[in-house]
Amino acid sequence: MSKEILSPLPGTFYRKPAPDKPNFKSEGDTIAVGDVIGIIEVMKSFNEVKADKAGKIEKFVADNEEPVMAGQPLLELS
Amino acid sequence: MPIRKLLIANRGEIAVRIIRAAKELGIKTVQVHSMADQESLAVKLADEAVNIGPPHAAKSYLNIEAILNSAKATGADAIHPGYGFLAENAKFADAVVAAGLIFVGPNGHAIRTMGDKVAARVAAEKAGVPVVQGSGGRIDDQAEARKIAERIGFPVMIKAAAGGGGRGIRIAASMEEFERLVPQASAEAQAAFGDGGLYIERVINNARHIEVQVLGDGKRAVHCFERECSLQRRRQKVWEEAPSPVLPEDIRAKLCASAVELTEAVKYSGAGTIEYLYDDASKEFYFIEMNTRIQVEHPVTEMITSIDLVREMIRIAGGESLRFKQSDIKKSGHAIEVRINAEDPTKDFMPGPGTISNLRIPGGVGTRFDTMLYDGYQVPPFYDSLLGKLIVWDETREQAINRLQRALSELNVGGLKTTKTLHQVLATDPDVRKANFHTRWLEGWLEANAKKLKEADAP
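Order-wise, the sequence lines are chains A and B. Under the working numbering, residues 705 to 782 are what the first sequence spells out, in order. Under the working numbering, residues -14 to 444 are what the second sequence spells out, in order.
Wrong hints could be hidden among the right ones.
What the hints assert, rightly or not - Reference listing, derived: stretches of chain A covered by chain B, where coverage requires no fewer than 3 residues with Cβ under 8 Å from a Cβ of chain B: (1) 738 to 750; (2) 755 to 769.
To be verified - Under the rule of at most 25 Å between Cα atoms (straight-line distance), these lysine to any residue pairs were calculated in the SDA-like manner: (3) A:K725 / A:S706; (4) A:K720 / B:K222; (5) A:K707 / A:D724; (6) A:K748 / B:M20; (7) A:K748 / B:D329; (8) B:K252 / B:A266; (9) A:K760 / A:D739; (10) B:K402 / A:K760; (11) B:K222 / A:F750; (12) B:K44 / A:K757; (13) B:K(-10) / B:R308; (14) A:K725 / B:T381; (15) B:K402 / B:E380.
Because the hints were derived from the structure by calculation, they are not lab data. Don't be surprised by glycine CBs; every beta carbon is placed ideally from N, CA and C.
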């Protein structure tokens, strides 16, 4: 069964630090616990999302600039 | 041409505020909203509502095409931009007019002139309004910049010409630091605003933030006295009052007259605010910038002048001339507004959404609460944290603070953390009671009073 990284907060999910910057992580990347995988904007405050599991990113379930709920999967790991 | 149907291109408490003003004028209202605001109070109160896109503001409240299409589809003949979002976007103002609609605000040219910090400064100087001693325009040449910094004297402030909202500002204490910071600041401004232009200004220590409310009809302008908003955290206002508690009467007259001159000089139409720094020690004031929109803190002016500013801006946009001579506008008493935000004052003001419960709104004489909250409302996480503004009026400032304390004790917002306790503690502070503060005062106070805030916040 695949592992998931869940959104810790409700808000808007960003996959990159700024609109003109590359994504933090891409599908196929191997990530470690503590790696920044995205940002959640909650009421104009920006919070880094750090991986709480290690593994290889199979796919991002949430898109860049997508609204997310707390507990919603952001990406799947294998 | 009087407005018959007004589209509100905003959300939250200001959308509710605009709908109320429109209804009282007999104008139909159209509320555009994102998918996250389907259940908002503004949508419930408006005559019609149009969904314009996903929660992310760039895809809804900032989507010019979707907003113009909604106006066309509903037969709206005017658009009110509120504050934030597209309110100071000259391209939007132009597009509204190009679509044959009325923009409730100044024209694109006025927004452009006053939106560029250097152009605004030049316009102010031309109108005889004092500006902070500085470069007078953009600095293009390093050698020239050094000469100007030398003349002004250190510390100097380096600002991005295209910056705003407190962004892109640096302070250099010495020539050495100045030479290091100028290229850095220019590169940063280029990246952030697409314009590396800089200008420099003298630093004024312990200044107050005082701003003048103006109304213009393109030919003539009047002022509605000043507000003082010195209590700020990270350059965001948290407590605003009218009139300023410290301004001597002769300085007030000069300050307000200078705001009228500048407003008339740029042929301004609508409601606007001219912001100044005020130096207690020298009793001098300096122009900072003009905001070409209605401001969050406009109600304190309404309370002391009995003028409905949102109504007036709609009437002016509909083609009416200013209804007031300057001598018609009188101030009376003292008003204070505090911002109730969905933030936790005991956790570095961390914002957090939630579902509103046990809502109790303060009432009584001289008490007003502008809000979009209702019991069961889910505050979405996608927009700013302002939940409401508690405004009180009384005959004197001291009585107004007492009334504020009474009103805050009535206010209850369940379901999330708010800044209510911050204001309760501030209202007891001897320096606040004496209006002994400046724009950097609150940040130091917050550090010194963290424990007090925690105790006040404990249930």
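Tested hints:
Evaluation of the coverage hint for the region 738 to 750 of chain A: fulfilled, as 5 residues show C-beta separations to chain B shorter than 8 Å, against a requirement of three. Requiring three or more residues with a Cβ within less than 8 Å of a Cβ of chain B, the coverage given for the region 755 to 769 of chain A is violated, as only 1 such residues are present. Between A:K725 and A:S706 the CA atoms are separated by roughly 29 Å; this puts the pair beyond 25 Å, and the hint is violated. For a cut-off of 25 Å, the pair hint linking A:K720 to B:K222 is broken: about 30 Å separates their Cα positions.
Only pairs whose Cα atoms come within 25 Å are accepted, and A:K707 paired with A:D724 is rejected, the gap being roughly 30 Å. For the suggested pair A:K748 and B:M20, the alpha carbons sit about 18 Å apart, so the restraint of at most 25 Å is met. Distance check on the hinted pair: A:K748 and B:D329 sit about 14 Å apart at the alpha-carbon level, within 25 Å; holds. Restraint check: the Cα-Cα separation between B:K252 and B:A266 comes to about 34 Å, which exceeds 25 Å; the hinted pair is violated.
For the hint linking A:K760 to A:D739, the alpha-carbon distance of about 12 Å falls within 25 Å, and the restraint holds. This hinted pair does not check out: B:K402 and A:K760 have alpha carbons roughly 38 Å apart, beyond 25 Å. Using a Cα cut-off of 25 Å, the hinted pair B:K222 and A:F750 holds, with the two alpha carbons roughly 20 Å apart. This hinted pair does not check out: B:K44 and A:K757 have alpha carbons roughly 32 Å apart, beyond 25 Å.
This hinted pair checks out: B:K(-10) and B:R308 have alpha carbons roughly 22 Å apart, not beyond 25 Å. Pair hint A:K725 plus B:T381 does not hold up; C-alpha atoms about 53 Å apart against a cutoff of 25 Å. The suggested pairing of B:K402 with B:E380 is violated, with an alpha-carbon distance near 32 Å, which exceeds 25 Å.
The structure fails hints 2, 3, 4, 5, 8, 10, 12, 14 and 15 (numbered hints given earlier, in ascending order).
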